[in-house]
Structure formats: C-alpha cells, structure tokens
Amino acid sequence: MKPSSGKKYLRMSLNERIQHILLLTTFITLVITGFGLLYPEAFWVKWIVAIVGKNAFEARGVVHRIAAVIMVFASVYHIFYIIFTKRGRRFVFDMWFNLQDIKDMFLYLKYLIGLSKDKPKFGRFSYIEKMEYWAVIWGTVVMGATGAVLWFENEFLPIIGMEGMYIATAIHLYEAVLASLSILVWHFYFIFINPDVFPMNKAWMTGFLTREQMEHEHPLELEQIESSNTNE
Amino acid sequence: MQINKLIAILYSFVVLIIFVSVVTSSVPVKAKYSDDCLVCHEDKDLTMEKNGKKISLYVNPSVYKASVHGGADCKDCHVGYNPEELPHNPKSSGVNCNECHDIKKNPSSAHNNVKCYTCHGDHNVIPAKEFAKSDNCFTCHNTKSVSSFKQSVHFRKNISCDKCHKSGHDVIKISKKESTRLCAQCHNKAFTEVNNGVHKQSSGKGKTPICVDCHGYHSINTNKLTIETQSCYKCHLNEKLFPGKEKGSADFVAEYEKSVHNSVRKNGIPAASCTDCHGDHLIKGSKDLQTKDGILESCIRCHEKAVKEFKMSKHGNNIEKSPGNPFECTDCHGEHGILAVKLDTKLSKLMQTDMCLECHKDSKFQSKYKPGTELHINDYLNSAHYKKLKEGNPNAASCTDCHGSHSMLNALDPNSPVSPKNISATCGQNNCHIKIYNEYKGSIHDVSIQTKEKSDAPSCVNCHGSHGLLKKDDQMNPLAKPNGVVQLCADCHSSVRIIENNNLPKGIVSDFNNSFHGLALRGGSQDAADCGSCHGVHNIRPSSDPLSTIHDDNLPQTCGSCHPGATLATFKTPIHLVETAKENPLLKWIEIFYIFLIIATIGFMVLHNILDLIKKLRTKH
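Residue numbers (the working numbering), protein chains in the order written: chain B, 1 to 232; chain U, 1 to 621.
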C-alpha cells in the first residue's frame, strides 16, 4: 500500500533542534557582533550603536564573548551527544564522509548541467549537508581557538608574540568571512530558496519532513524507511 | 707891622675857634633835654589814653640813639611840646616830616595817605637803603595772600615787593589786567607759549586764565600738583563752565580722578597729571593732541616700549596709511579715565577683550582685511578661554595674551608671539600651559618647526585650533571623540604631500585603522589605544630617542600600561604592519590560503546553487 502523503518523517529530535537553535542564535550573534567590529561605519552597525547607546562598543565585545561561550558549550554538549546517545552515534555514522558522496556530487552536477537525466538518490544526509556539518565543526574549532587567543591576549602575547597575534587575528577574520558566506550561500539556499522547500524548510522547528520533501531530498532514506517498515 | 697884623689875624682866628667851640659845646645842653624826656619815656609801662585807646609812650633809648635820627632832639620833631604839662601837647596833629625832608608824595601812589613813619619807623627810623631790604611791607600787608609771598619762589630768589609794586614813594597797586604784562617782562618765553596755547585761543570769552589765575598773585606757585589741583580743576571741573558730557566737559575731565594716572602715585605725586599730557604753558587741547602722532608722542614720553611696539603694529601702521581714520592709544585705553591693565584685572581684561571684539567679531574687519579668517574671531566667543574669562577667571587668555598687547601681530609675522615658531612658548608663558609646553618642547614636531624654514609639523594651534580652543571634555571638541585623535593625526600622516615632503612612513593610518585598536576606536570604544596612547600626545619623539615612549627601553612600560606583563621581546615586532606584513611568510601564506579557499568554496557554492535552482525550477513546471 502507498503511505498517505500527509505522513511525517522525523528529521530532528527535540534535543537536536535545541542544539540547532543554540547554534543558530549564537552564530548569528557572533556574526553581527564580529562584523560590527570590522565595519564600524556600516549603516547597520550605526543603527545598532544608535539603539544601544554610548557603550555599544564595549557591549558588543561582551555579547560576542557570551555567544562564543554558549556556542562552545553547545559544541561540547554535541560531542557528548554523539558519543553517549544512540541517536547521536547514528547521526555521526550517517554524517561520515565517504567515497559515495564525491560520486554523488559529480553525478548531481552532471544532472544539473544536463549531461545526465538521472538524479542521484541521496540518503539521510547528502554531500550538501555533510559539507555543511563538517564545515561547522571545522569553523567552530578554528574560531574557538583563535578567538580564545584574542580574548586572552595578555596571556597569549608573551607566548606567541605580536606575530602570533597577527596570525590569530587574520585567521579569525578570514574564517569568519568563509563561515558566514557559507551559511548564507549554501545553508540558506537549501533552507529558504530551494524550490522544494520554499519559503522555508520548517524541519528545524517542527522536527519533521513531509513525504514530498523526503521524495525530493532523501529518496534513499525514504526507501530504507519503507523497506524496514514493510519488513516489519 | 706886617707881623703884628698876622698875629692879630691869628689871634682873632683862635678866638673864633674858641668861640665856635664854646657855641658848639652848648649842644650837650640840648641833649640833656632829650635825656630829660627819656627819664620818663624809657619806662616801658608808660602809657596815655587817647580817644579811649591806650597808647604806649615808651621809647627805647638805645634803638632811638642808633637810628638815623639819633642825633636829633625830641623837640625837633615833636614841635610845640611843653614838658611841664601832661599831656605835653593835647592839640598835636602828629609829626610833620616835611619840616626837614623835602619829599613830595606821589598822589597816584597807593601809599599817598600812608604816614611816613608807618613805613620808615618812628623812633627807629632806618635809612632808605636798609629799609628796602626789610620786610616792613608785611606789617601792614599781613593778609594770607600777601604773606604767602614769603614762601614764593620770588622771595627765595630775593625778588622783593618793589620789583612789581615799585619802590620809594611811588608804590602802586597792580590790576589783574596789568599783571600779565609785568610777568611777561621776565617770563617772556612762558608768555609767548601761553599765547600760542588753547588758553589764549579761546580768550574771546573773557574767562581765559592768565598767569596769576594759575600761579597765584603773591604765592607764585610753581608746584605742578598745586597748580593742577587748585587751578586746572577749579575751572575744568566746574560744570557751569564746561557743561555736558562731550569731550572737554567737566564730566569728561572728572574721569581722570578714577584713572590709573591719578591713582598710581609716587611720593603723593600722580603718575601723570594735567600738564604731563597737555603741556604747561603751551597747553594743548584734545584737537591738538589728536593730530597725527600727537597723542602717541605724548604717551611715548613715559610709555616708550609700548608706543614703539604699537607704531609697528597693524593698528599703528594704519595711522600713517589713513590719517583720517586714526587709531591711537586712547581708542583702547580711554582718554582721561585711563585704566590700568593690572589694577582690576578681572574687569579690565574682559573689557579689553570685548573692546577688540567690538570691531573684530562681526567679521567686518576680517572680511575687509583678511578674508577667510572671519570664523576665527567668532570661534573665540565659544572657546574655553573666553568662557573662563566671562566666568571671571583673570588668567584665561585674551586677545592680547597671545597677539601681544601693543604689537598685535598675526601669525604670518615671524616676530609675532603666535607665529609657528613662537606659538608654543606663548601658550606656555605665564604658567598658563607650562607643563604641556615643557612636554612639547623637543618633540619631533617642535624640532621640525624650530629647525625648518617652512615646516609641516603641527604646533599647539594646528591640533587644538587657534581661536576656538575647546576644553578636553567639551562635546564640541573633535578631540573628545573616541576616534578624534586618530583622525587628527591622520590629517597629516595620510597626506601624500606631507608624507613625501617629510619622508614619513606610508600607510600607517590605514593600517592602524584596520588594527584592533583602530577598529575599536572607530566603533566608539572609550578606552582603546589611539595614537597618543603609545606615541604620547605632546611629547611625541622618534623611537630612536631615549625619551620617546616608543623607545625600546620604554616600550614595556608604554604597552604594559594596558597589557600587563608585556616584555620588550613581545613588542619589538613593528606595530604598523604595512611594510613588514609582506615580509612575514607565515602570515602572508595564511592570507593567500584563505583568500583562495574563500573564492574557491564560495564560488563553487554559488555556481552549484544557481544550477540547482535553475534545474529545480525547470523540473517543477
């Protein structure tokens, strides 16, 4: 029998959604407070300064550090989550990069430019999502490390010297640009603009995907779910 | 026979001699008669009563005998006296000197009705020669006015009454009108001067003062102060004679009393009084003083330095350029009511400043003579200096404190106190900003200004503004903004012309602005380091100078004030990375890596998603 199209498929558990919300709020906060430092004369920075008032600059630094601490806390929690919960371990297993992902990417690109008429079937996590996830892991580590150096500059100065500080600053800056652009171009496209989910993939709030979305984005996973269902 | 005749003549001659000697020997008999008189009259208490008055009948015998009349008998003068009767001659009408002395009195003489012995004495008659020397006149002429003659300069120089009033029996009265002519006989120069002065010129009114009006009749005043207080004031402070408030009025003259010329005194003598400025005999009125250099020449007698400086000033020059529109000492200092600058500092300094501003503040003069500087003066009205002055702080800088009070030179003049070379010392003068001046002295900016002909380096005014100086915490002060100092330094240190001319490091401003310190300041940080935090503010020196805050020895302290635990090694890396960044290979490669990574990654993502979007839109419809 064909399952009804109204059926919902769990994409993110409540725990995962909370992790995601922590990540997204701290990330956006860090982007705003971070680039607020780099572009003090930008119109949106001026707006914020006008609202916050005289001590806006000092507040910016404090908020940036608080957000960073929360993000690091969420990251540490995530490490515990993927080690100590069954769903977490499954998550990392599904997220792990393999050769198939690279093949998928080339197949999909072929499909996109019209060299092939078959769309490759993606599992629970496509190469698109894997890129995103591992980029976040990489970014958090790099930004956390360099950020800590810059935060505790008086402690690190005698160890790494001014040149070390310059390098930490440069990495923190470029990595921030890379991460922000990635989220904007990559993540936001697939969540908001992507015609399959437009205007927004609500899974990060509801936790569920529709069957239609499953068919479009994760047909392989859908097959696995249905085959396991029929097996039962 | 001949002999007998001779003997007879001789004999008769001897007899004559004997006879004559006998006759003449009868004089002591007469003298004896005078002695008889003195028996009674040498009594000092001898008196008689006549018309109810007690008259002394005492005659001092020694004085009488020593007098010219000492040889004469009492009866020679006291005609018709009977010694047996008392009184001796009740009908006596006095002594008639003309019996012996054939002197006719001059009917025009003032002394026509005066008895001879009133002047010549009665029993102590003195000869004419000695008489002239005595001060006999004063026994009768004992009024205050005449007695003051004894203190006069004429008396001291043995010029006696007769010099003016004539001598002998022709003593005359002198009318006021005549007096001037008499004075002129000796004082011709003064007489001519008076006639050329303002006192003669206005003589038509009949109130013109003549010699005696100022010098007195008998007292012959030569004391300047006495003449001024008694004579000048008498007329010129009289509101009836000089009414109104105009120049020359009594009110106008009275202002002198408040003036510093009057109040500053040495041994009771005012610093300057009427005659010091107006002259003594050749008295000049305000019109004469106001002619070209008239007032200046008058003031220069005492105020040499000030007037000389003033003559070189723009204001002083103006007199020669346009005599019709003079600008003189009195225009600022006032005329009679001249006030000292230091007497009432609070009042006069603000007044003085407002006086300058009266002409200069509405930009009238600025736009006419120095276009483009109009704002300077108006700025001063909002400056900290002027505000403090208004609040009553006499130490706050006024126009003259910086421009000089009389020389009044602007910054373009190398001798001016506000010229680039002198301005810092001027700001540091009188303990005004002495501490900052000492810091600034020897700084790289100061050295450049003092050694180069035309330096680009800033002096005090280039950073703080000239007229519109504001306090450090003033909201209007651009330096009070977090990024204010950086922007100020950037004005010069990012100027291509100044960098090229002075061989300054390039790009330090943009590099600083992109550093954390720079970004923080641009973002409004209250405590991030700006240029001054490291380089100093007034004491900026090159890093090679041991006194420099960025000298190797001082770096740990300078950086350490914000970053404790800093060591020399830590901060030896150049701060401004413009040139050195490219030399640090690690940093360079990290930058290249990231730029490549960003372009590649994001480029791929954009491309990927565009294709994805197109494909999905196509397959959907």
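Treat the hints as calculated values from the structure; they're not laboratory data.
Please note: incorrect hints may appear among the correct ones.
[Stated by the list, open to error] Mimicking EDC-like on lysine to aspartate or glutamate, the simulated pairs with C-alpha atoms at most 20 Å apart in a straight line are:
1) U/Lys-616 / B/Glu-58
2) B/Lys-54 / U/Asp-491
3) U/Lys-234 / U/Asp-213
4) U/Lys-616 / B/Asp-196
5) U/Lys-620 / B/Asp-101
6) U/Lys-506 / U/Asp-491
7) U/Lys-234 / U/Glu-246
8) U/Lys-471 / U/Asp-379
9) U/Lys-620 / B/Glu-41
10) U/Lys-481 / B/Glu-58
11) U/Lys-615 / B/Glu-212
12) U/Lys-588 / B/Glu-129
13) U/Lys-616 / B/Glu-212
14) U/Lys-620 / B/Asp-118
15) B/Lys-117 / B/Asp-101
16) U/Lys-54 / U/Asp-35
17) B/Lys-54 / U/Asp-473
18) U/Lys-620 / B/Glu-58
19) U/Lys-481 / B/Glu-41
20) B/Lys-54 / U/Asp-43
21) U/Lys-616 / B/Asp-118
22) B/Lys-121 / B/Glu-153
23) U/Lys-616 / B/Glu-41
24) U/Lys-616 / B/Glu-129
25) U/Lys-305 / U/Glu-246
26) U/Lys-615 / B/Glu-41
27) U/Lys-284 / B/Asp-94
28) U/Lys-615 / B/Glu-163
29) U/Lys-471 / U/Asp-553
30) U/Lys-50 / U/Glu-85
31) U/Lys-615 / B/Glu-153
32) U/Lys-615 / B/Glu-58
33) U/Lys-506 / U/Asp-474
34) B/Lys-8 / B/Glu-163
[Unchecked claim] Going by beta-carbon spacing under 7 Å, a handful of chain B positions derived as facing chain U:
35) Leu-112
36) Asn-154
37) Phe-156
38) Ile-159
39) Ile-160
40) Leu-178
All C-beta atoms in this analysis are idealised placements derived from N, C-alpha and C, irrespective of residue type, glycine included.
**Message:** Under the constraints set out in the numbered hints, which ones does this structure not fulfil?
**Reply:** 1, 2, 5, 9, 12, 16, 18, 20, 22, 23, 25, 26, 27, 28, 29, 31, 32, 33, 34, 37, 38 and 39
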